[in-house]
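J.: Below, each chain spelled out in residue letters.
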Amino acid sequence: MADSKQMPPAKRTNLGAQLKPFAEQGELRLQQCLSCQQFVYPPREVCGHCLSGELSWEACPAEGQVLARVDLHNSFEPFYAEQLPWVLLSVKLDAGPVVYAHSSSHAGLEDSGLEVEALEIESKANSGDRVTLSLQLDEAEAPVFVAQPLK
Amino acid sequence: MSSTFQNFQQAKSQPSSYQGIALVCPVSVGYAKQSEKGAAYFIGRSLGEMIQQAGIHKDDVDGLAISSFSLGPDSVISLCQHFDISPRYLEQLPFGGASGVIAMRRAARAVQMGDADIVACIGGDTNQAGSFADLIADFSTFTRDASYPYGAGGPNAAFALITQHYMEQYGATREDFGRIAIAQRYNANHYPTALLGHKTLSMDDYLNARPIAGPVHMFDCVMPCAGGEGFLMMSVERAKFLGLPYVTILAADELHHAHRDDPIQYRAGWTLYANELYQQTNIGPNDIDMLQTYDDYPVISMMQMEDLGFCAKGEAKHFVRETALTFDGHNLGYSSGNNCLPHNTSGGQLSVGQAGSAAGFLGLVESIRQLLGQAEKNQVQDARHAMVSGYGMINYDRGLCSSAAILASTTSDTVGGQ
Numbered sequence: 001m002a003d004s005k006q007m008p009p010a011k012r013t014n015l016g017a018q019l020k021p022f023a024e025q026g027e028l029r030l031q032q033c034l035s036c037q038q039f040v041y042p043p044r045e046v047c048g049h050c051l052s053g054e055l056s057w058e059a060c061p062a063e064g065q066v067l068a069r070v071d072l073h074n075s076f077e078p079f080y081a082e083q084l085p086w087v088l089l090s091v092k093l094d095a096g097p098v099v100y101a102h103s104s105s106h107a108g109l110e111d112s113g114l115e116v117e118a119l120e121i122e123s124k125a126n127s128g129d130r131v132t133l134s135l136q137l138d139e140a141e142a143p144v145f146v147a148q149p150l151k
Numbered sequence: 001m002s003s004t005f006q007n008f009q010q011a012k013s014q015p016s017s018y019q020g021i022a023l024v025c026p027v028s029v030g031y032a033k034q035s036e037k038g039a040a041y042f043i044g045r046s047l048g049e050m051i052q053q054a055g056i057h058k059d060d061v062d063g064l065a066i067s068s069f070s071l072g073p074d075s076v077i078s079l080c081q082h083f084d085i086s087p088r089y090l091e092q093l094p095f096g097g098a099s100g101v102i103a104m105r106r107a108a109r110a111v112q113m114g115d116a117d118i119v120a121c122i123g124g125d126t127n128q129a130g131s132f133a134d135l136i137a138d139f140s141t142f143t144r145d146a147s148y149p150y151g152a153g154g155p156n157a158a159f160a161l162i163t164q165h166y167m168e169q170y171g172a173t174r175e176d177f178g179r180i181a182i183a184q185r186y187n188a189n190h191y192p193t194a195l196l197g198h199k200t201l202s203m204d205d206y207l208n209a210r211p212i213a214g215p216v217h218m219f220d221c222v223m224p225c226a227g228g229e230g231f232l233m234m235s236v237e238r239a240k241f242l243g244l245p246y247v248t249i250l251a252a253d254e255l256h257h258a259h260r261d262d263p264i265q266y267r268a269g270w271t272l273y274a275n276e277l278y279q280q281t282n283i284g285p286n287d288i289d290m291l292q293t294y295d296d297y298p299v300i301s302m303m304q305m306e307d308l309g310f311c312a313k314g315e316a317k318h319f320v321r322e323t324a325l326t327f328d329g330h331n332l333g334y335s336s337g338n339n340c341l342p343h344n345t346s347g348g349q350l351s352v353g354q355a356g357s358a359a360g361f362l363g364l365v366e367s368i369r370q371l372l373g374q375a376e377k378n379q380v381q382d383a384r385h386a387m388v389s390g391y392g393m394i395n396y397d398r399g400l401c402s403s404a405a406i407l408a409s410t411t412s413d414t415v416g417g418q
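Top line first, the protein sequences correspond to chains A and B. Numbered by the working numbering, the letters in the first sequence go through residues 1 to 151 in order. Numbered by the working numbering, the letters in the second sequence go through residues 1 to 418 in order.
If we strip away everything but chain A, and leave its shape as in the complex, we get (with noise of 0.2 Å):
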């Protein structure tokens, strides 16, 4: 178990913070142009298609497909160097953008609700495998997404 004083790390831009909320009620949102109607992430001040400044925060279709998934065996912070290995997932989401995420498998994420496979260590996500993603709190009630896989 993690030290109850180490905390993940919960810098955010201002940007990135306003996921917070949305994470709070577990609605997967993310940045969706009202010019063009793309979805975009990382957050950002302008659409990275067509340069629009309207961005809103919308929900956004879960599914997604893992690229690539390894195991962190070292870690720059004391809350995850206490929890190696720790798993991180690249998801290519079916409506664009490509997203890094834990996995559902670590323990103080929860899953997203979904019906999904009982997960065991051996059922972590891998290449290829079809996800779904959630928007949850970490410990330091920072947003974070978190990938499952699906049944």
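Some hints here could point you the wrong way.
Stated by the list, open to error - With the C-beta cut set under 7 Å, the calculated list includes, among others, these residues of chain B facing chain A: (1) A133; (2) T141; (3) R144; (4) A146; (5) Y150; (6) A157; (7) L161; (8) Q164; (9) E168; (10) I212; (11) P263; (12) I264.
Unchecked claim - Restraint ranges, calculated between C-beta atoms of paired labels, are given here: (13) A:P85 / B:N275: 41 to 49 Å; (14) A:K5 / B:Q53: 50 to 58 Å; (15) B:H257 / A:K5: 35 to 43 Å.
Calculated directly from the structure, the hints in this document are not laboratory data. Note that the structure is a prediction, hence the values are computed from the model and not measured. By construction, the Cβ of each residue, glycine as well, lies at the ideal position given by its N, Cα and C atoms.
Since the structure of chain A is provided, determine the placement of chain B on it from the hints.
T.: Just chain B now, kept in the frame of chain A:
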């Protein structure tokens, strides 16, 4: 959009010739794993060594092109007061591992256009306890929001994902990456400046190293360190007047955030200008006598071997199995066949250490040294052409910058008196 504009777009212009430009006085200064000194020490001492080699006064240097990750809160203008110089051309290049070639390209234009006569191009960094962790914790707004919170693995994590994907896509193995790392260590064993040059590296050492992230293990990772790398840029006429042996630029280019729709990186901007580099120089990959890739991780060196035309995409695994990558052609028992391509001849940042804006100048300075015949125990014999490439800036999930240049020795020119 008017058809006139479309026609104009199709006629994409190409870089003008770098004719008349000389690269002189390569220096590598002050390498140390850690240092209490500031970045200005390593940049300033690089400048000091260069002007001493050139036999000129610091006031003869009227241009300064600087790259550093550890210079803050100072910048290139702060250095003017620190060094008490009055340049008329200043450039600071925050492009990490692509900085050296980019500095070279811009300084060459400044000299060609008369904006400066002698430009000092320098990458220098210090390395103090905890400074690397501070750098990666807040590297960019995208890393702060979208990568660092996910395990805080830093660049190792992003490259672990890239490496994992590359291995699954193309069948490269850890042994293939090991061939690159081991050949570079052999080169470093012949280059006294290399911080890891006193240690040998075997395949067993490589394979049994401590795991860092996914397929990335200890000897796939570079060691941030203190040090400086630099060279002087001037006209060929001036180099001849000063009696300085020089290297020329046959072709060079850069392209950033290319292939941006690739969901995960397996190539970079080189693919879109490598052919032009060869066309402009009338030589091909087989005429390249040494290749200096940007080796922050071996998988990135493999991408450069592919994207710069030394082998087809996905075939670097075969290339490294069949090609001796050492400076002297020794295959170390890890490659078959008679092919040889000296690669990262000083040991690269994997074995030398990563200083000077993520070692963005390391391969360039080494190429100049080699083509001048000024390398010592690691000298490549009869080297005429070097390809040096840069890559850098992991803003989120991939390296954004790419740069590359083909340099040529002028030994025959000098002998012929032209």
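J.: Each hint: holds or not?
T.: Hints versus structure:
About 5 Å separates the beta-carbon of A133 of chain B from the nearest beta-carbon of chain A, less than 7 Å, and the hint is met. About 5 Å separates the beta-carbon of T141 of chain B from the nearest beta-carbon of chain A, less than 7 Å, and the hint is met. With 7 Å as the threshold, the beta carbon of R144 of chain B comes within range of chain A, its nearest partner Cβ sitting at about 6 Å, so the hint holds. Checking A146 of chain B against chain A by beta carbon gives a least distance of about 4 Å; that is within 7 Å, so the hint holds.
The interface hint given for Y150 of chain B holds, since its Cβ lies 4 Å from the closest Cβ of chain A, which is under the 7 Å cut-off. At about 6 Å, the closest approach between the beta carbon of A157 of chain B and any beta carbon in chain A falls short of 7 Å, and the interface hint on this residue holds. For L161 of chain B, the suggested interface contact is upheld, since its CB lies about 4 Å from the closest CB of chain A, less than 7 Å. Annotation: Q164 of chain B was flagged as interfacial toward chain A, and the flag holds, the nearest CB pair being 4 Å apart, inside 7 Å.
Interface hint status for E168 of chain B: upheld, as the beta-carbon distance to the closest one in chain A is roughly 6 Å, under 7 Å. The interface hint given for I212 of chain B is met, as the beta carbon of that residue sits about 5 Å from the closest beta carbon of chain A, less than 7 Å. Checking P263 of chain B against chain A by beta carbon gives a least distance of about 5 Å; that is within 7 Å, so the hint holds. A distance limit of 7 Å between C-beta atoms decides the matter here; for I264 of chain B the minimum to chain A is near 5 Å, and the interface restraint holds.
For the pair P85 of chain A and N275 of chain B, the beta carbons lie near 42 Å from each other, so the given range of 41 to 49 Å is met. With their beta carbons about 54 Å apart, K5 of chain A and Q53 of chain B fall inside the hinted range of 50 to 58 Å. Distance hint check: the CB atoms of H257 of chain B and K5 of chain A are about 40 Å apart, consistent with the given range 35 to 43 Å.
Hint compliance for this structure: every hint is met.
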